[in-house]
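The primary structure of each chain is shown beneath.
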Amino acid sequence: MYSSIIQELLNGITLSAVYVAIALGLTITYGILKILHIAHAGVYLWGAYIGYIAYVYTGSVILSLIFGALGAALIGVAIERVFYIPALDSPPHITLIISIALFTLLSELAAKTFGYHPKGFTIHWPIYSWTIGGVVINSMQIFFLAVVYSASIGVWLWATKTRMGLASRALIQDIETAKSMGVNVNRLIDINFLVGSALAGLSGVLVGMYYTIIWPHMGDVVAYKGLVVIVLGGFGSIIGAIVGGLILGISESYLIAYFGNILPRDAFAFLIMIIILILRPQGLFGRSE
Amino acid sequence: MISVLYLITILTLIGIYALATLGLNITMGYAGQVNLGQAAFVGIGAFTSAILTTSYHISFWIALPLAGIMAFLIGILIGIVSIRLKQDFLAITTIGFNFIVVAIFLYYDVFGGSFGIINIPRPTLFGITLKSSYYMILVFIVLAIAMFFNYWMENSWLGMALRAIKEDEDAAESMGIDVKKYKIIAFSFGAFFAGVAGSLLAHFKTYIVWSDFGFSVSIMLLTMCILGGLESMYGPIIGASIVILLPEIFRPLAEYRLITYAIFLIVLLKYMPQGIIGRGSYLDRKIRAFFKGEESTRKEEDQNAEDS
Amino acid sequence: MDGKTKKVVTAVIVIVVVIAIIAGVLAYYYSQPSEKEKGPIKIGFFAPLTGEAAADGNSALHGAQIAVDYINSHGGVLGRQLKLVYYDDQLSADQAIAIAHKLIEEDQVVAAISGSYSGTTLAASSIYNEEGVPLVDAYAVNPDITKDKPYVFRVGMMGVTEGKAAGYAAVKYFNASRIAILYIDNPFGVSLFENAKAQAEKMGASVVYSAKFSYPTTDFTSWLTEAKAQNPDLLMIFGYYNHAVAIKQARDLGMNIPILGCEGFDSPKLMEIAGDYANGVVIVTDLNRDSKKDFVQDFLKEYQKVAGMPADMVAASAYDAVLVLAKAIEKAGSTNPKDIANAIRSLTNIEGATGMILKFTNGGNAEKYITLQIVKNKEFHFYAEITDPEIITPPF
Chain A
1 MYSSIIQELL
11 NGITLSAVYV
21 AIALGLTITY
31 GILKILHIAH
41 AGVYLWGAYI
51 GYIAYVYTGS
61 VILSLIFGAL
71 GAALIGVAIE
81 RVFYIPALDS
91 PPHITLIISI
101 ALFTLLSELA
111 AKTFGYHPKG
121 FTIHWPIYSW
131 TIGGVVINSM
141 QIFFLAVVYS
151 ASIGVWLWAT
161 KTRMGLASRA
171 LIQDIETAKS
181 MGVNVNRLID
191 INFLVGSALA
201 GLSGVLVGMY
211 YTIIWPHMGD
221 VVAYKGLVVI
231 VLGGFGSIIG
241 AIVGGLILGI
251 SESYLIAYFG
261 NILPRDAFAF
271 LIMIIILILR
281 PQGLFGRSE
Chain B
1 MISVLYLITI
11 LTLIGIYALA
21 TLGLNITMGY
31 AGQVNLGQAA
41 FVGIGAFTSA
51 ILTTSYHISF
61 WIALPLAGIM
71 AFLIGILIGI
81 VSIRLKQDFL
91 AITTIGFNFI
101 VVAIFLYYDV
111 FGGSFGIINI
121 PRPTLFGITL
131 KSSYYMILVF
141 IVLAIAMFFN
151 YWMENSWLGM
161 ALRAIKEDED
171 AAESMGIDVK
181 KYKIIAFSFG
191 AFFAGVAGSL
201 LAHFKTYIVW
211 SDFGFSVSIM
221 LLTMCILGGL
231 ESMYGPIIGA
241 SIVILLPEIF
251 RPLAEYRLIT
261 YAIFLIVLLK
271 YMPQGIIGRG
281 SYLDRKIRAF
291 FKGEESTRKE
301 EDQNAEDS
Chain C
1 MDGKTKKVVT
11 AVIVIVVVIA
21 IIAGVLAYYY
31 SQPSEKEKGP
41 IKIGFFAPLT
51 GEAAADGNSA
61 LHGAQIAVDY
71 INSHGGVLGR
81 QLKLVYYDDQ
91 LSADQAIAIA
101 HKLIEEDQVV
111 AAISGSYSGT
121 TLAASSIYNE
131 EGVPLVDAYA
141 VNPDITKDKP
151 YVFRVGMMGV
161 TEGKAAGYAA
171 VKYFNASRIA
181 ILYIDNPFGV
191 SLFENAKAQA
201 EKMGASVVYS
211 AKFSYPTTDF
221 TSWLTEAKAQ
231 NPDLLMIFGY
241 YNHAVAIKQA
251 RDLGMNIPIL
261 GCEGFDSPKL
271 MEIAGDYANG
281 VVIVTDLNRD
291 SKKDFVQDFL
301 KEYQKVAGMP
311 ADMVAASAYD
321 AVLVLAKAIE
331 KAGSTNPKDI
341 ANAIRSLTNI
351 EGATGMILKF
361 TNGGNAEKYI
371 TLQIVKNKEF
381 HFYAEITDPE
391 IITPPF
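Heads up: the protein sequence lines correspond to chains A, B and C, in order.
Heads up, the first sequence is in the working numbering, so the first residue is 1 and it goes up one at a time.
Heads up, the second sequence is in the working numbering, so the first residue is 1 and it goes up one at a time.
Heads up, the third sequence is in the working numbering, so the first residue is 1 and it goes up one at a time.
Don't take every hint at face value.
Computed cross-link-like contacts, SDA-like style, restricted to lysine to any residue with a CA-CA straight-line distance of at most 20 Å [to be verified]:
| # | chain 1 | residue 1 | chain 2 | residue 2 |
| --- | --- | --- | --- | --- |
| 1 | C | Lys378 | A | Trp125 |
| 2 | A | Lys34 | B | Ser3 |
| 3 | B | Lys131 | C | Glu131 |
| 4 | C | Lys42 | B | Asn155 |
| 5 | C | Lys292 | C | Asn349 |
| 6 | B | Lys180 | A | Gln282 |
| 7 | C | Lys172 | C | Val208 |
| 8 | C | Lys331 | C | Met356 |
| 9 | B | Lys86 | A | Ile278 |
| 10 | B | Lys181 | A | Asn138 |
| 11 | B | Lys166 | B | Ile177 |
| 12 | C | Lys147 | B | Gly113 |
I should point out that these hints are in silico values taken from the structure, not numbers from a laboratory.
Next up, chain A with everything else stripped away, as it sits in the complex (with noise of 0.2 Å):
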């Protein structure tokens, strides 16, 4: 009974991996351009399928990754430059809806080009496994784990420490002082949706290799998940999305464990946003105005 919920606290931080790994792209992205960018759910597993190929090809876990994040940062900053610079002055909801559509061209090419049906993506690492006090955890976990996390404290401190980042901070809180203060906006602005889909790519690769499986919808909870965690952490701020995708992950496995006849996880997810919304309507992490 005590192993189980202290495996369910480690179920859950796992889960929260995913989240925070797809948060993370997508809370930058977001913060420069305040588009609702679900597309990204597309750069995700349009980078499994690369990182897939990659590995298939060179058999190295490695270069899978490199791979995947590569192919996704070029398509992210691609979508960037072709579909939301020019439409910059349109009201929000027709970004929003060309961005659902470029998500949903996204996956119907990827199902055209790698099958429509799933692949298994299954690496040649050994797992060890072991068992502290009935509570069980593996290698393949620890190294899913390591790199999400490493990852995100390593954006943390790009956004906060160089200043690269820091610019992009100031190009988030308002975009006419950025340009007054000579900041190159456009290049920030690549710069921003480079890290951010690469990332995405990153995330897209190793939740493939960590469940062995990747589909041309692996973006679609996804896509609507990333956005619950950024607005939980409060839009644009990435100790937020961090903070954010850990409660999802973990408040989660302990709801679904327990509660699991009443909602469906994802309905869980929502009521757990809903609530904090309502109780902090600028979301966690955000300044109210």
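The hints should help you fit chains B and C onto chain A, whose structure is shown.
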């Protein structure tokens, strides 16, 4: 060769979804509040009507308005939540609302769970069962009534107040308009039409299941609303026609259908962000000129103001 | 009414009237039934070819098309060729209804096949029934699809029989007494769960844990942890091969008990996704890979060629749906829909890709033997066959 029942089916669906979109247009177009969960209200209306007519054997003619009222009441609740939230927060909250509502349909047996509700009766009038073309006529009569309401609203104090709020919330507040109240009204009227549309859909299909009202349907309604054009009473009909007819026209493309549709949508929105007949679009200006009401002159003034 | 209101009223009335006139004129022109005795015999087909369920929809389409090609290359039916008219329903009930009218009235098919899921198939089934065109459901499990519909048939297993078989197998072959069940929250999973539970309890076992999951789930650890805490001696997973990762997660959590799956696992993708973890898993299914019949081997070979992967249950079921229709048309000696429906009811012992269909019940459901297959070295092998009439007879 086109078959008539096929055509009637398509037209009936256009009518029903145009009605739900008309509601969405009140919430989004006139009041400027994003609603990405309109399908949930359609579902609430559909299940209300289905349960009333199958389990309680209540007449369709009573169930139809009750379905609207049920959606209206829940619309008030969501409206109350919505007034606290800013644009993007509201958008995602309504997505969440949609997911929670369909999850309840799926998890509770009153709504038939994963099996849905079957044998929903077709309405009868003077002993005639309303199906195919009769049902289509019923749908279009309801749609016409809704359009009259929309027309009345556009020119009433309600429409004026909503427009004022959309332009500038603070200014409207200072003019003595109760912003919160009107936002809730907009939400609940939008929901009412969706509920009625849901009832019509349930009795048309005679079988409904939770997945008929998922988030993707909300996206479809939103697309109809925006393609047709916001703030226009004809927009929803045009939008619904395009969104339902296009996939039918693209049918021979089989598995390339969704890809073609997505590309079409992106291109259309890129070059016609106001939709086909939305406020400020080319057609809208032409039509207003045709009716030559005061509306058109005001619109032209708006246009001039924007141009200068 | 002021002038402007009048104009709006006129506009609305004009729209309604124009639509009514178009409908009326078309009704006049197209109400006469046309001659359909020449040319190929048209069979309608609908399935989700795009969107989230496209994998199964395309599998079903390939399966059906291979059957049509096979029959055509072997002389066709009644000396005529078969032609499959297929449409994409995007898993939308609205579209399935529109397609039903399109297939029946526009394409004038003599019968139709559903390669789609329960929701779409059920929504469309009443139209085929009302119009008197036989519909053969390949694999959708919702009992209401065939219930009280004399023109609707099902070649796949019903959820009721498959669930019963799972409960029966658990107790009979694995001596299970404490069963944990994870099932998908759609009609397939719910039917299997309810009937497996009832059957197992009838035979003295108890269900100590159950939980339902949704289609896109990849993380089952929360439920598995709770299931493990109840010390079950058998785990049932009622989902699709997409959920094969649940097997891996159960093993990772140290659940070394027998795992019983269902026909949703019946795909080589199971082994691709679960890897070595799939070994030892037993599934309840009806796909007959070991059949020596020419056409079954031809099907398995052709499918590999067309789809680039080995055949699964969905493809085989769609294949059988075509086979049943072809046999029924041949037997009826005509393409009259009513004769075809009657002929289906009188067919017996049809050997198809999903095993032997003994007969169709009055309710239109196929009665067939159920097999258990075990995964060994990443391949399915015969494990046992269930022939007990109490288990395999559909409820109606």
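> In ascending order, which of the hints set out earlier in this document are inconsistent with the structure?
Replying inline: Result: hints 2, 4 and 10 break, sorted rising.
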